[in-house]
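Undergrad: Put together the whole structure using the sequences plus the hints.
So the sequence lines, in the order shown, correspond to chains A and B.
Start counting the first sequence at 1; every next residue gets the next number (the numbering used here).
Start counting the second sequence at 1; every next residue gets the next number (the numbering used here).
Treat the hints loosely; a few may be bogus.
The list makes no distinction among identical chains, and a pair is therefore deemed to hold if it is satisfied within one copy or across any two copies.
In silico lysine to any residue, SDA-like type, Cα no more than 25 Å apart, as pairs [unchecked claim]:
(1) 113 x 98
(2) 166 x 62
(3) 166 x 286
(4) 185 x 14
(5) 166 x 37
(6) 166 x 285
(7) 113 x 94
(8) 113 x 88
By construction, these hints were calculated from the structure, which means they are not laboratory data.
2 protein chains.
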Amino acid sequence: MRVVITGGAGFLGSRLARRILERGQLTDASGTQRKVRNLVLIDVVPASVTDPRVDIVTGDLADPALIERALTPETDSVFHLAAVVSGQAEAEFDTGMHVNLDATRALLERCRKLARPPKFVFTSSLAVFGGVLSDPVRDDSPITPQTSYGAQKAMGELMVYDMTRKGFIDGRSLRLPTVTVRPGKPNRAASSFASSIIREPLSGVDAVCPVAPTTAAWITSPRSVIANLITGHEVAAAEFARAGFAHTRSVNVPGLRVGIGQMIEALRSVAGEAIAARVKWQLDPVIDRIVATWPANFAPVLGPALGMRADHDFEAIIRQYIEDERPVAEPR
Amino acid sequence: MRVVITGGAGFLGSRLARRILERGQLTDASGTQRKVRNLVLIDVVPASVTDPRVDIVTGDLADPALIERALTPETDSVFHLAAVVSGQAEAEFDTGMHVNLDATRALLERCRKLARPPKFVFTSSLAVFGGVLSDPVRDDSPITPQTSYGAQKAMGELMVYDMTRKGFIDGRSLRLPTVTVRPGKPNRAASSFASSIIREPLSGVDAVCPVAPTTAAWITSPRSVIANLITGHEVAAAEFARAGFAHTRSVNVPGLRVGIGQMIEALRSVAGEAIAARVKWQLDPVIDRIVATWPANFAPVLGPALGMRADHDFEAIIRQYIEDERPVAEPR
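TA: And the structure:
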């Protein structure tokens, strides 16, 4: 079985790659469990996963030649994670359209030409929601995104569903909650603060929180989101119809609703007052406006029916981060 | 004022052109009523409207050179009507994507480069709806199209709204009901029968109805749809927010719910039994499946709040067709 991950050098992409290599097998579109013999990681920078099964491909994802080289005709599955994040897509409209729309379309077009219609897991986002929404947001809540990132992801979902309906692919669009705690440096996602306010204090560095403590977010841990990406791939296409959702392939991935103030409380409880005090509140109107358009409370039905699971509490997510990413944690 | 109509040689485009020429003026994005000095009609075939104010442009709408020539920097308004219709977009996926998505995007991209952000009226369709829907369909009902045409129109709406939000254009997406009675020949719209079953019998020709008499449709007369297109252009941007719809520029245009059997009853009542008997029922599963995914019952709130109006009854629509398109009507 040949599996491709776009954004394969990124935070989620590299973890997904490692998880797939550990599992060693996946279920193809015909429902057969098969060994993963080839895992192709595409990104703008080379992925650092080393394994004899891994091929590294570097370049612009909207380049048809690169896509053709990476998605050989015998490709069975594509996880399409590469994206320009929300803050950058809002500031650089053309860059967002190029990567989030054009590259997604180019990949889907290539998938039509493969030997068999592949499974196609597209990472969409809760940012497809916005405007006037029910509380909680339901699986069929209206898609009226209020950011360019959300609009581009929503267009991707429409293509994934339509091409699935046409039999070109077996697609699944997973609307991910905000993933936290991410290691490394802040990125240009408007949600980047949701990791910084935990990660930086734990490293003994001050962090700025650009949104109000009363703002809430719909979040997932890295472990849960990787598990849900695998589930989103593994589940049989027929399960969508069985759950009463034959008319869509878009899934609100289960998450945890948490107030930003509560996140700092959890940090205090896990790591102590001195660390929690490193968070400085300083409202950034641009970030706050983007984040405020995203709903924080969902009542997912389809995701759980497909076997997806949410985290239980934010304290556990912080402990998970310390365990996975910071072998030498700060003393309490 | 310079106004561009794509699909300007088509049924709606040429009628819209005549209506704009009659009015002589439109309201620009700044809210100023201005004389229409230039009306540009773009289509694959030359438009037949003759008026000193009219420029005819012929070619492929996805061609940037053609768009640049037609949308000069001083363009104030664009009515984007050109589209590959539903039946053809379903049969020829690439053609549909090329015209319905690529050409729409190319036009929008050009609009960003004009001297001032223009008004942009995009003709979307009730085909953006499908799947599991409330009855009646509300303005905020979920967008889960079950045809490629609907998916492409939904992507166009997302771009129109996002570019409006960014200040690139002042966009309005009007989801048109099925327009009937159209003169001329059948086209490849799955809804083409909704005109044929009235038009052909009135010309003394048999017509085949490919859907069941119990199937219902959400329809509009040509006169009403032209009036609503003008209203959709004229209304001030602030009216969307005033009506409680600041988060969208997509409007479910008011229509009339009518059963296909009722349409034939109306034909009988207006034109007599001999003419109504010319309709032969012969189910076409492909057409029937496409039409069945479209809802027929709506409860529009935004459209009426913006001043849009529906037809009152189907008999009046048939009489309107006879008056407008068949100066010498068949005797009863």
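Undergrad: Are the hints correct? Go through all of them and say.
TA: Status of each hint after checking the structure:
Taking the shortest Cα distances, residue 113 and residue 98 sit within 25 Å of each other both inside one copy (22 Å) and across copies (18 Å). Proximity of residue 166 and residue 62 under a CA criterion of 25 Å is satisfied in both settings, with 23 Å inside one chain copy and 24 Å between copies. With identical chains, the CA atoms of residue 166 and residue 286 are at most 25 Å apart between copies only, with a shortest distance of 14 Å across copies and 40 Å within one. Proximity of residue 185 and residue 14 under a CA criterion of 25 Å is satisfied intra-copy only: 16 Å inside one chain copy versus 57 Å between copies.
In the homo-oligomer, the alpha carbons of residue 166 and residue 37 never lie at most 25 Å apart, since the shortest distance is 29 Å inside one protomer and 45 Å across protomers. In this homomeric assembly, residue 166 and residue 285 come within 25 Å of each other (Cα to Cα) only across copies, at 16 Å, whereas the closest approach inside a single copy is 43 Å. When the C-alpha separation of residue 113 and residue 94 is checked against a cutoff of 25 Å, the pair qualifies only between copies, where the shortest distance is 13 Å, while the shortest distance within a copy is 27 Å. Taking CA atoms no more than 25 Å apart as the test, residue 113 paired with residue 88 passes between copies only; the shortest distance there is 21 Å, against 32 Å inside one copy.
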